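Enquirer: Below are the chains, spelled out letter by letter.
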Amino acid sequence: MLLAGNIEYTPQEMIVVAGARILEDKKVVFVGTGLPMIATVLAIRTHAPGIIPVFEAGAVGPTLESGLPFSVGDSRTSSGASYVRGLNAAFEMTQRGFCDYGFVGGAEIDPYGNLNSTMMGKFPEEYQKPAVRLPGSGGASDMASSCERTILIMPHEPRRFSETISYITSPGYLDGSPGARKRAGLTGAGPWRVITTKAVMDFDPETRRMRLLHTMPGETPESVQAATGFTLGIAPAVTGMAPPTETELRMIREEIDPLGVFVKKPVREKPVPNQF
Amino acid sequence: MEKSSEMFWTGLTPDEARQALVRKDKSKRDKRCTLEDAVARFIKDGDNVAVGGFVNIRQPIAAVHEMIRHGFKDLTLSFQSGGMAIDYLGGAMAVRPDHFSIRRVEMAYWAHESFGLSAVFRHLAENGLIELEDWSNYNMSARFKAGAMGLPFIPCRSPLGSHVLEKCRAKVIDCPFTGTPIILLPASNPDVGILHVQAADHYGNCIIRGTDATCPEIAMASAHTIVTCEQLVSHELITRSSKDISIPFMAVDAVVHVPFGAYPSSCRRHYYFNREHMATFHGLATMARKGNLDGLRAYYNDYVFGTKGFQAFIDHFPIRKILEEQHSEQQNFERLA
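Here the protein sequences line up with chains A and B, keeping their order. Here the first sequence is numbered in the numbering used here, starting from 10 and rising by one per residue. Here the second sequence is numbered in the numbering used here, starting from 7 and rising by one per residue.
Everything labelled a hint here was simulated from the structure, so no lab data went into it. You may find that some hints are simply not true.
[As the list claims (entries may be wrong)] In silico BS3-like pairs for lysine-lysine, Cα to Cα no more than 25 Å straight-line:
1) A:Lys138 x B:Lys34
2) A:Lys191 x B:Lys50
3) B:Lys314 x B:Lys79
4) A:Lys191 x B:Lys173
5) B:Lys50 x B:Lys249
6) B:Lys79 x A:Lys138
7) A:Lys131 x B:Lys173
8) B:Lys34 x B:Lys249
9) A:Lys36 x A:Lys138
Predicted model, so just to flag it, every value in this text is computed and none were measured.
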């Protein structure tokens, strides 16, 4: 059981809090669906009120005050936005260099930050009949290609952190060789942080392999390694991430995602009868 | 030559797409018709049909229900991110493959974001029942844009280095100016685009609220475009804010007034999602994926095949529920009453 003071919280809530804390104020953040939305709203309402969220369906700089979006295209992302066009306009901004951070998730990740959200099974042989078919790229591969820095959010399980993944949907540092992204023609600098239920990782500047940067409360370098399917490097100074504050937890639970759409609450509470 | 052109252009080739517009009657005329007529007249077996909206935003649900009732074979579906409209089409193939079938999908994403994966997609893909071509959202959107621009291809920077490029028709070349790698995406010129918008006049001028998604590009790229609208307004009213018109009448072939035409997906200013109904459908689709098709069949019999027109579909929902969806959207939207 994880405790912040006397308040029980979940590893998923910790991911959101960590995601919010590492976002800088006054930056343009291209926000994917789900946990990245919660983390971005939390950052805006705590230390980074100047963040400019961008959603791939076309909205730039909405206030996000009319409730948590269920989709990166829903009405709640358009309300109060400074600029609303469509997908081409949003991705053109990313390609042009307007977007400082991209917030991406996936089903599988390798040591170089390459992400899979397309299929499980043998590629290319089983592509037309995969063992498990996942949704596909959506905007994730565009974000990972062209946002200046990307933040990857994943549950931390050995099978999801794998030396080789079934399919590279969203490019990270590719094969990790020096200049691999630039050689491929990618303009964004690449993966910057990986935030999971157990740790925050960055990438070794030389080898481009993922390494441990912060442990989440209750975790040790050993427990993080045990949950990782490849050998994790260790950053020069590994520090612990402080547990969520009461304010952060209250904001997530009561203000940002009161229905637990993306962030499940630790205590079984009375179900809310109807979100509408 | 014929074979390679078939491979590269699953809809129209760039030259065919241009000829289609040269031949088309582009006059400013009354294009109102019934959905039944529009679907029967403009879509045929084997067509490449582009589906508008984004995940569960402004999906052309009424139009896809009519397509399912009509029955088509061997369609190619082109879209960036698809939700309920694509699920309805795929589910129809799962329950009545003799009556309705999709041969191929060209897409970036088929799922429901916060509502989860698509059991319909998993069923069709994991059983090898449809031909897949993955792209990214920007790739698909830019492909429609290239089609709209009258170009055979458009350059793009993403996703270089990924596996997406290995199974699609994109080509990576060295940019002739900078020498660095760049992707060339083949244009998409679908045979037909189907779109739902907030407002249109009887000539087909359209206003979209909230995200445009890739609807204007689809309309401009397709040989034919069918538009359903929440509000059918006068030409005088819609041209009072001409710069708000994102689809011009010349691109549109059929205008059908269908209130709630995107329900149970959402339509800005009109209604938010019906989450419960989408969850019910996903539950039935999940059972179908696991081998029990009875529930999904019963759903299609009740909600799609057994209804005459989209208003009968809407009649399945209690007025209280419909009002909740409307009210909910008004809360999302900071417009004065």
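Enquirer: If you check each hint against the structure, which ones fail?
Expert: Going through the list in order, the structure violates hints 1, 2, 5 and 9 and respects the others.
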